[in-house]
Structure formats: structure tokens, C-alpha cells
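K.L.:
Whenever a hint applies, use it, and build me the whole structure from the sequences.
Protein chains: 4
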Amino acid sequence: MNRFGLKFSVTTFGESHGKAIGCIVDGVPSGVEIDESYIQNEIDKRKPGLTKFATQRKESDTVQILSGVFEGVSTGAPIALVIFNENQKSNDYENIKSLFRPSHADFTYFKKYGVRDYRGGGRSSARETAARVAAGAIAKKLLEKFNIKIKSGIFAIGCIEAKNLDFEYAKTSEIFALDKLQETAQKEAILRAKEDKDSIGGCVFIKALNVPAGLGEPLYNKLDASLASALMGINGVKAVEIGEGVNASKLRGSQNNDQMDKNGFVTNHAGGILGGISTGADIDLKVHFKPTPSIFLEQQTQNEHNESVKFSMKGRHDPCIAVRGSIVANAMVSLVIADMLLLNASATMKNLKKIYEKN
Amino acid sequence: MNRFGLKFSVTTFGESHGKAIGCIVDGVPSGVEIDESYIQNEIDKRKPGLTKFATQRKESDTVQILSGVFEGVSTGAPIALVIFNENQKSNDYENIKSLFRPSHADFTYFKKYGVRDYRGGGRSSARETAARVAAGAIAKKLLEKFNIKIKSGIFAIGCIEAKNLDFEYAKTSEIFALDKLQETAQKEAILRAKEDKDSIGGCVFIKALNVPAGLGEPLYNKLDASLASALMGINGVKAVEIGEGVNASKLRGSQNNDQMDKNGFVTNHAGGILGGISTGADIDLKVHFKPTPSIFLEQQTQNEHNESVKFSMKGRHDPCIAVRGSIVANAMVSLVIADMLLLNASATMKNLKKIYEKN
Amino acid sequence: MNRFGLKFSVTTFGESHGKAIGCIVDGVPSGVEIDESYIQNEIDKRKPGLTKFATQRKESDTVQILSGVFEGVSTGAPIALVIFNENQKSNDYENIKSLFRPSHADFTYFKKYGVRDYRGGGRSSARETAARVAAGAIAKKLLEKFNIKIKSGIFAIGCIEAKNLDFEYAKTSEIFALDKLQETAQKEAILRAKEDKDSIGGCVFIKALNVPAGLGEPLYNKLDASLASALMGINGVKAVEIGEGVNASKLRGSQNNDQMDKNGFVTNHAGGILGGISTGADIDLKVHFKPTPSIFLEQQTQNEHNESVKFSMKGRHDPCIAVRGSIVANAMVSLVIADMLLLNASATMKNLKKIYEKN
Amino acid sequence: MNRFGLKFSVTTFGESHGKAIGCIVDGVPSGVEIDESYIQNEIDKRKPGLTKFATQRKESDTVQILSGVFEGVSTGAPIALVIFNENQKSNDYENIKSLFRPSHADFTYFKKYGVRDYRGGGRSSARETAARVAAGAIAKKLLEKFNIKIKSGIFAIGCIEAKNLDFEYAKTSEIFALDKLQETAQKEAILRAKEDKDSIGGCVFIKALNVPAGLGEPLYNKLDASLASALMGINGVKAVEIGEGVNASKLRGSQNNDQMDKNGFVTNHAGGILGGISTGADIDLKVHFKPTPSIFLEQQTQNEHNESVKFSMKGRHDPCIAVRGSIVANAMVSLVIADMLLLNASATMKNLKKIYEKN
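Protein chains in written order, with our numbering: chain A, 17 to 375; chain B, 17 to 375; chain C, 17 to 375; chain D, 17 to 375.
Take these hints with a grain of salt, some might be off.
One copy or two, either will do: identical chains are not told apart, so a pair holds if it fits within one copy or between any two.
[Stated by the list, open to error] No more than 30 Å apart at the CA atoms, straight line, and that leaves these computed lysine-lysine pairs for DSSO-like: (1) 68 / 165; (2) 165 / 370; (3) 161 / 370; (4) 127 / 278; (5) 278 / 63; (6) 210 / 330; (7) 278 / 213; (8) 127 / 165; (9) 127 / 370; (10) 179 / 370; (11) 374 / 157; (12) 278 / 370; (13) 35 / 278; (14) 127 / 161; (15) 127 / 167; (16) 369 / 157; (17) 113 / 157; (18) 187 / 223.
Just so you know, the hints here were simulated from the structure itself, not pulled from any lab data.
P.N.:
In C-alpha cells form, the structure reads like this:
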């Protein structure tokens, strides 16, 4: 079950230390302009090794389009994207071969499948998210045509929260910080965790603009349900909020209701979604990432033979996965909205008549 | 897209004031003992009109099994469940026929479909959730055989939170309160909102016990992603948390990691899921419901002709949808876990050999 | 897996002698005019007991719309259809309770599920096809708007084949015969089989007119593949042909190729489908039904205890299932084409722009 | 919609003259031994250029496993397979760039997508079937463990039919002929068509042995329906028959029924499937391929500007696509049966208990 999306769908493959990772993006309408450089640019955003706030591991991550694009334009055929893994050395992982790293997926994959590719987490590695970002780039090219924009950035590192959301600033920040005034403290929190051989959690804010009203497939592929699935499924995410989110449960109806006037919604507590369908207002999402479980402090765990063992992690790891995770979350939201745009195309006879009726 | 689940799937139908609501539960293995009285009992839990904390609307909600069960046992055929609507009077809704109730789905359904069944919200009514609860009852009968239990209750009403989780107590509480010591204050918060012609939000806690390790279909039908989708898709839900949830984003790795010893996990910050797969530990979930938008204070809204209008709601409505919502959330979790149990059956050759090899 | 179709989908339920049969039709665009009488009229076509060429069993088969239609128009919500079984007497089946009727599905259902509803075949009964016809009626209402017509009739009974296809005549024929000149001989073949306590096979021809070019989802939901699945899945069907069908394997390319001139295809050996996509020409299909296995001659079979037993069938059965099967086949083709019409809506950016671009 | 299969699923990509073709095989249980050489061997069977009965085009077709296999064993992760296209020269196709080759998919792809990759048919090329064969090889490795065998060969070339089915002989025949006595005449028919600048149709017979009783998901993923879809979806297939097939429509029930004794079925007119579920008897299938539309005689067609044009095909083409098509058909049947084996794993509580109950 490595497929995501119903009409605009992505099937991913690949392990951290296998030959390659990649995906097949299916259902892309013909006529979308797609070039490798655009996709490459998106992938580069989540590339490790760029700053001291991310892992120092080097991955060149060069994406290739294998199919589905002809003379620069999508043909309607599936688009296969592949990134070959350059560094397949897995020596680092010999010492963890038979033990379960705490709070990683080692234990659960072993329980599920009986075997596991222990090299760098294998399939459960966050490396797979490069394929999501690549696919998301294609979704973005589609959304662009309808002026739909997906913006994102770091809302909080640990307890240090943005007071202001500046998505333009976030693009230039080394940690994609939304609030310049909090950025320094947020960076410090990351570096302090790193110095302590520890890691730290964080929260990502995503805003989708210009999403037309009417997207979302009730009752079981609602826009909010699909976004929740897409985001909760990212490595390390433990909570998803829409609009007022957790806070909505603390409010009264008179506080949380979005009244309307003739111009539309006066407020947007709903975060752009009512009854699982987009209202046309901004879609506001918060995604909470746990601290990466890869810390350098000694930990206690179990091995495959049910023995207790002490263990210290080696290698290079992100001290705060929320930072690069924000790029992945952005991609997942792009994919969901592209899918919903396509699914909604046949919602009404009026739409169908526009397509099939001859003038 | 009114279907939920991949193998153990539910397709629901019905509107608030239509002839009937119901569902088809497909993929139920043969050999599950199913009787109407058990399903009825589950449905009765979410029935309105029972206490002053819920709407006083009377619905007898009698469920019928139309197919798929023979001599008290599932046959492997689809199980159709139907609840006929007794009270189809829709006079109450004449006055809202052409306007959009604030923070309801009226506006978005109209934008999506161009037409809408305005009677009581039509398809977007919470009444549809009775079908989910009925389907969930069948899932529970399946889970019971493997000693899997799904427990739930009210964690918070507004800002008043439980300090203690007593799932047995919750069963007997009029508001399904998990903490007897907070129950009075929580009830008062609801009644005060009601007196003020207002409503209030709330938070539901769900705990799944004895879920075997290994459930969840990486990478895009992860257990956590599917739970998030199932729960965020319930009417009025705006946030979903797993394990530490939002709090995980505030912690360091050393605080959030679940170390292991030879007996298994020492802690359970993960809430029973790692890498999207169950660990065997309790699955802990929090679901945040907004206050119902149905309040009796005068509100301002828009009508179908883009005019601003004042408006006051009539009829009977739950002052706190989280209370009855907890039963729905419990059902949705049951459905997800039943589905994952079935999906996982073919995860390994070892499993397949158990099934197909002749001794 | 009781669902058919991807976007315009049908989920059916019900057993021959259970409380009811029916279906949920999901994905119907809003704005289709639907009334019970139209659906009833379609169902009546396959109703038994009308002529001596069909079983004399009486079924009133009254369909009810339970949801999804408001003020005579589809709302975009799922449409549930139900037909309550009036005659649930199952005494006739006591004698076959523990044995497997030859060439029926009794044996395979028992092998698959370990239990079976032996009354009249339970779920495997052709009675379920009434739900398909009901769903097909809704598809037809959609197709009508685009002037797409699905015509059908009896091509052959046993070896007696039509030489001429008169779909208008077929509508009035008791056996839906396409060729008036062969009708008498075809009727006689049925009656002779009946007199001999035997049954006879037959072939149905279906022609879909005015299907726009471009329908079909390559490469794995091709129009021809989906039609083959839909038709082969009808009770008793053992072969499906498209265009030249079996004969194509006997021809040379120069004979089978459809050359084109500026007005389009000069011939239609392809039967309206190339590369799995509709060409705009007529879609021509042949569906071959086996003789019903319900014959009154003594037969030898096995019972649930692996013993050989002699056995004679009782009750009333169609001597030729192709006759009523033609109505079912027509419905299935209608469903496939409606689904493909919806799926194709998002095939191109050009289509999407028609829908989403504001003027 | 480039995915096939529900649980054991294959998503393919690639065009005839693009960078690569390949697929992602998802749902493969962990613990299947898989090596590239086995897959390569299967692919080589359909490789062109081997005999004078196939196209002389040279394709080395080297398959690579990119993921999902670790230390020679499947891990449960998706298995990506890729074959890079060595010969991407598309000069041969400049002259057909703007015209529609008769009875090819050029016209329909253009009508559907508005653009097309004209090089060698692009996505609609039979070259894509190499990916099916590669995926089928993995299915075969799974089926082997349960002693399930899928055998196939050429039944007829044009009107020259096998009188005897020798699947062992077929393996060694240059045209996979099932009947040595007919082989010479069949070969001659192919060569004569080739000499005449023409092509010829053919029929493939497939037999699946040792398929356990109980496979197939009623009512809409029946084994026969899924096989029909899988086979009709292969390039050039125009008819599919199961068991008696077309002939069943000509028989009486007393001739077509398979009576049983205590040892099982006495005959197998059903071709191993009743009610859409396997009986345990051999599954017998016939697949009818049209003559390849690529002939060297002058033909008349239309171009993209709706003009009539004369046209002669160049390049190298199979005179009879049934020959290599038989390998593809075999692969598709393997994939369907593997999928059904997995889907059936959760059909009964008895199966689930075997998996989840602790001893």
C-alpha cells in the first residue's frame, strides 16, 4: 500500500540504502508543463547537508524523469521519477543490525514482516520523502495554472512559537522560520539540543491560498480527512490541526463560528474547510513533528533475541526533523489538493456538460 | 466517495430527513457472530434525547440487518444495515432553505453541487454517523475474537480536562466523562453554554488495547494516517493527536523516545504506533471537536443570492457534539483496526503458508 | 468486494431469500433527473414470470430510492436503492441444504467461506442482478443527457444466430430477439430444452451508440478491459467478444484493420475501441451465456460430507438465462460507460480549465 | 490508471521510445525469494529479435530491481523494476508524426489527451508489456511456493488450431506452439502473411494448475471477471473465453454441467471457475489476438488535420502478436491469481485465527 491519492496518485518505492528511490505519478492531466529542473529545485529544498541545522550527510539527489513527459509537456501517461542513491555504504548500520533503535520503526517493521532492511531504516527512512517532494512538484505545476499556492514554514521549535506568519521570509530562512523575531531563539533551541546530543520537536504551519470552494469528496474522502491522512503519514508527525484545531475544543460556538456577510466569510476559524469541503478561504494547517528519535545519548533497547541492550547511535542526523519536514508537508498538501481538484471535476452535470457538450 | 476502509469497508448513505440512512459493510470474514440487538445497543449509545446534555430530538433509530448474516453468523457476503427515518418533517427548515447557516456545510455543499438538500443539513448532518456506529458494531464483534478492545470517553469539555482516565466510569456517565472528579464541572460547562443559547467544544480520548504489533500498511495506509483520516472526517473534528500528540513537538528526543528492555517498551509516548505500524502497546488518541455551530444566538450570514441576512436558529441541538461524538470516534477506530487486521493477513509468506499449506 | 466502478460506482448487497437486495450508487453527479418509475421500468424488463420463456416465479420487485435524490434530482450524495424480497420462503431448498448443485456456485462458496446461505443460491443467485439493473437505470439517465444509447438483444439461442440486428424489434420480442426471422426458431429451441427438462445457452449482442471518442483509462482500466470484467462477471457468462472478437484471431491485418478517410473510420472491425479507448464509432459486444445449470434431469453430485449423491432439482427456473441476462448485460455496459465518462473528465488541462477557470 | 491488482498490485510506466519502462510491484508478502536472473529469464521469453516469427528489432531489455528485495528476499516493501530503453532513436517515426496509423491507438490517444508521444506508439506500445512480464515473474515466484503453475502456448494461428495441448512442447517451440503436429502449418501461416506484407491473428491457451478452491472475490472482483479484464487489456486482444467459452452458449445444461462424485468434478466445462470462485480444477482460458495492425501494405488514413492520406508503414514488426502475446497473457494470469491468493487470506475467521491466535 505504497500509493497515495485517488485520481492524481503517487506510488513510491525505495529504501534509504537501496539502489534508488522514486515514484510513479499517475493521473496527471495532459498539458502540464513539466521540467526536471523545477522538480530538482523542490527536492533541493529538503536536501540535507546545507546548514548546521540539518544532518551533514551529503546526498546529491538528482532526479530523472523516466516517462510521461514529451517535449516538455505531460502526455497523460504515468510520470516515473527516480533518484539513484549514490552513497549506498551501509557499514554504519552493522552495529544496529539486530537491535531496535528506540522510537524508530525497526521494531514494528520486524514484527510486521519478519525481516527488515536494517540499513538506515530501510523503507521507513525519511529518505523516502524525497519521492513525495518530487511528486509534489508536479502537483504544484498543476495548481499554479489555477493560481493555487501552498505556503509553509516553521511555526514552532520546541516551545518557541512564531507570533507572526511571514511565508516570504520563511523561504529565505535556514530553518524556514515564519517569524524573523523568533528565528534566533528557534535556531538556538536546535543547536542546544544538538550540543546535548539530543533532538527537538517542532511545528509546521501550512497555508493553501486560492483553493476554489467545493473541493473535497464527502463523506470519506473529505478534504480535511485526506489532509490529516497525508500529514499524519509523514515520518515523525504526531498531531494535525485544521483552522482553530485543538483550540476549537476549548471555544464556544459563538466564538468559533464564522459568520458571513454578502462578501463571504468574516472570519476563518474553520481553516477553510466546512463539512469536509473547501470554503474558498485560506486552508490553515498545523503539523506537529516529534523530535527525531536519532539521538546520540546512550539509550536502552531490545534486540531481535529479546535481550536488553545498551546502545549509542552513530552517524549524522537532523537535530530537528520539522525543518526539512516542512518541505514534505508542503508537498503532501499540494498532492491532496491536486487530487481533489481532479476528483471534483465530475461532481456536477454542469461540469460534465462543459466538457462533453459540443457547441 | 462514501466508502471507508480498504478490505473491511463501509459505504454509507442517507440524509438527515430522507427516507433512511444506512450502510453496506463489505469484507467481513465469514464466521463472525452478529445479531441486531448488539448493533442496536451500540447505536443506542449515541441516540439523542436521553439526557439534558444532548438534543431533545426523539429518534427511535431501529436498525435492521438486510443481508450478509445467515443463522446468526456472517457469510462473507456484504452486510447491509438500514435505519428508517421516522420523523421526516422538514417544516423546521423552510426558513433556512435559502441561507447558509454559519459554520455549517450548507455553503460548501451548495458551492460543490449547485443543489442541496437543506433539510437538517441533508447528507452533511451528523445523523449519518449512526451508520458509522452500526458498522463499527460489526467491527467490534470481529475485534472481540482477538481480545482487542476500543475504549473511549470525554477528556475535556471546553478547558476542563480530565486528570484521570477511567474508561469504566465513562460508560455510566451521562456525558461519558472519563474523570468523575471533573464530571460535575464539565456538565456545568455544557449547561451554561446551553443556557446562554451557545455551544461548547470538547475533547475525546480513545484507547485501543491488545492491538497486535504489526498492523498498519506503510507507507500510505499507515495506521496513524488512517486513524487521522477516520477521525478528522467526523463532523466537527478539527484536530487529531496520537500519543504525545501536539506535546511531542515541544519535547526533546530524550524525553519523547520510548526505550525498551527485554519485556518491551518502558514508556509509550508514541501512543502505540511507530513508523505507521502498531507496536503492541496501547493506542492513545485525542480527538478535538469544535462547538456545534448550531447556536440560538442571532447570527449574520449570506443567502443563496449573495445577500447578507440576520438569522436565528430554531429546533433542538446538542450543546456539545463531543459527547455523542465520542461514540462515533470509538466506532471509527474500531473500523480502522478491523481493516488493518484484515489487510495485514497477507503481509508475510509465513501467514500465507498457515492458510494455504495442507498439513 | 461487492463494489463495481471507480468514480460512478455501485456497491450491491442481498441474497436470493434474504430480507432485501439493493445497492448504493455513488459518484452520481448532482443534477441528474431521477425518478423511481424510470428505475422500476428497467427492473421490470428482467422480471421473471412474464413469459413462458422465463421462470414462472413471481417477484413484484418494487424498487425504492432511499437517499441521494431530492425534489427529483440527484444531489451528489450516494443513491441507495432497495428491493424488499416478498417471498422469503425457503422450504424448497431444504433438500439441497447440504449438497452442491452441479455447476452452481454452492461448492465454491462453501470452499471459500466455510458457511453458505443455501437458500436459492444465497448471494450467488442471479437475483442480485436486479440491483445491477436498478443502478444501470441511473447510469442510463446520465448517458441520455449526452445522447449515448446502449442497445441490446438476443443474438443467438444455442446455434440459432441472428442474421440481422434490429434493436427496435428486440424491445418488443418476448425473448428480446434481434432478428424477427430467427425468433421463432430461437423460441422453439428454448421450449424444446424446457420440455426436455433441460436448459440452453445463448448469446447477447450489445451496441453502444454515440459514445464520445476518448473514453477509457489506459493502461489498466481500459474501456475494453472494464467492459470484459463487467460482462464476464455476470452470472453464467463464459466469453466476451469485442468488435470482430474471436474472429479477429482468424483474420489478417489487411482484413481486420479499420482504414480511415477524412470523415473517420471506414470500417469498424475494432468494435469502437482502439488501445483501450473509444474511437467514437459504435461499441459492439457479444456476451456468451452458458445454459443455466438448473435443469430438472437427474444429476449426480457431492454433498458437504464428500459423499456422492443423486439429485433432481425442483422449483422454477429460466430455461435460458441469456434472455433476462441481456437486460443485465445492457445495465453493466451502461455503468461502465458512465464511469468512464466521469473518469475522463480530468484527462486534460483543457477540460480542467473549462471547469475551474473564471471568465 | 496505470495500476492493476488490488493487494498484489502493479503500477507500470514508460513509453516505447522514452528513457525507460518499468513498474512498482506492491503488496508482495515478505519472504519471497527474488532474484534478477529469474525475472530476466521471463522477460527474455517475450524478447523480440529471436526468431523470424517475431520482429527483428533488437532490445537487450535488461531488468534491474531498484527496491524491495534485501539479501535475496522480499521485505514487504514495494519492488521497483526498471528496464532502460537502449535504442531511443525515433527517426523512424517522423513520417507518422501527424497521422493516425490505422487500427493503432494513435487516433484515440490524440482524441483523449490532445497530445501524443508518436514515437512507436508511445505509451500504447506493446513494449510496455515487458513490465507486465517482469511483474508476473514475481507473482510466479510466489505461486511456486504453493505449487501453482501457469502454463500457456499458441492454440491457433489464423484458422489453424491445435488438436492437442502439450505445454511442455510449447516451451521449446519457436512460436510456443502447443501442438507439434500443427506447428509447421502455423509457422507457415505466419511467414506467408509476412511475405505478403501482412499480419495474422492468433489464439493463446492458458492453463492454471493447482489453484486452490476458493479464490475470487464475489461479486465484482470475481476470478473470471478479473481474468477477463487482465487479458482483454493486453494490446490486441479482442475476445476472452473461459472453459467452454463461446461454445457454452451453444450447449444445453445437460451437456455443459459438471457433475460431481465423491472425488470432485467429473468434467470441467466450467474451466475451473463457478460463481466467480475457483473450483480447484484447472483454469482454462483462451485469449484471441487480432493481427497486428502494423502491416506494410499501403493503407489509407487520416492525419491530425482531418485530411485523408495514403501511408506505408516502415520499420520492423511482429507478423503475429499472439506469439509474444502468449508470454504476456501468462504473466497477467499469474498476477491475477497471486492477487486473489492474497485477497482471500482474510475471507474467514478461521484464516484470521490461524494468523493472529497465539498458541
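K.L.:
A separate judgement is required for each hint: does it hold in the structure or not?
P.N.:
Going through the hints against the structure:
no. : hint      : verdict
1   : 68 / 165  : within (29 Å within a copy, 46 Å between copies)
2   : 165 / 370 : both (26 Å within a copy, 20 Å between copies)
3   : 161 / 370 : both (19 Å within a copy, 12 Å between copies)
4   : 127 / 278 : between (57 Å within a copy, 15 Å between copies)
5   : 278 / 63  : neither (46 Å within a copy, 37 Å between copies)
6   : 210 / 330 : within (13 Å within a copy, 58 Å between copies)
7   : 278 / 213 : between (56 Å within a copy, 25 Å between copies)
8   : 127 / 165 : between (41 Å within a copy, 21 Å between copies)
9   : 127 / 370 : between (52 Å within a copy, 17 Å between copies)
10  : 179 / 370 : neither (45 Å within a copy, 41 Å between copies)
11  : 374 / 157 : both (29 Å within a copy, 19 Å between copies)
12  : 278 / 370 : both (28 Å within a copy, 26 Å between copies)
13  : 35 / 278  : neither (57 Å within a copy, 34 Å between copies)
14  : 127 / 161 : between (45 Å within a copy, 21 Å between copies)
15  : 127 / 167 : between (38 Å within a copy, 24 Å between copies)
16  : 369 / 157 : both (26 Å within a copy, 14 Å between copies)
17  : 113 / 157 : between (41 Å within a copy, 27 Å between copies)
18  : 187 / 223 : within (14 Å within a copy, 40 Å between copies)
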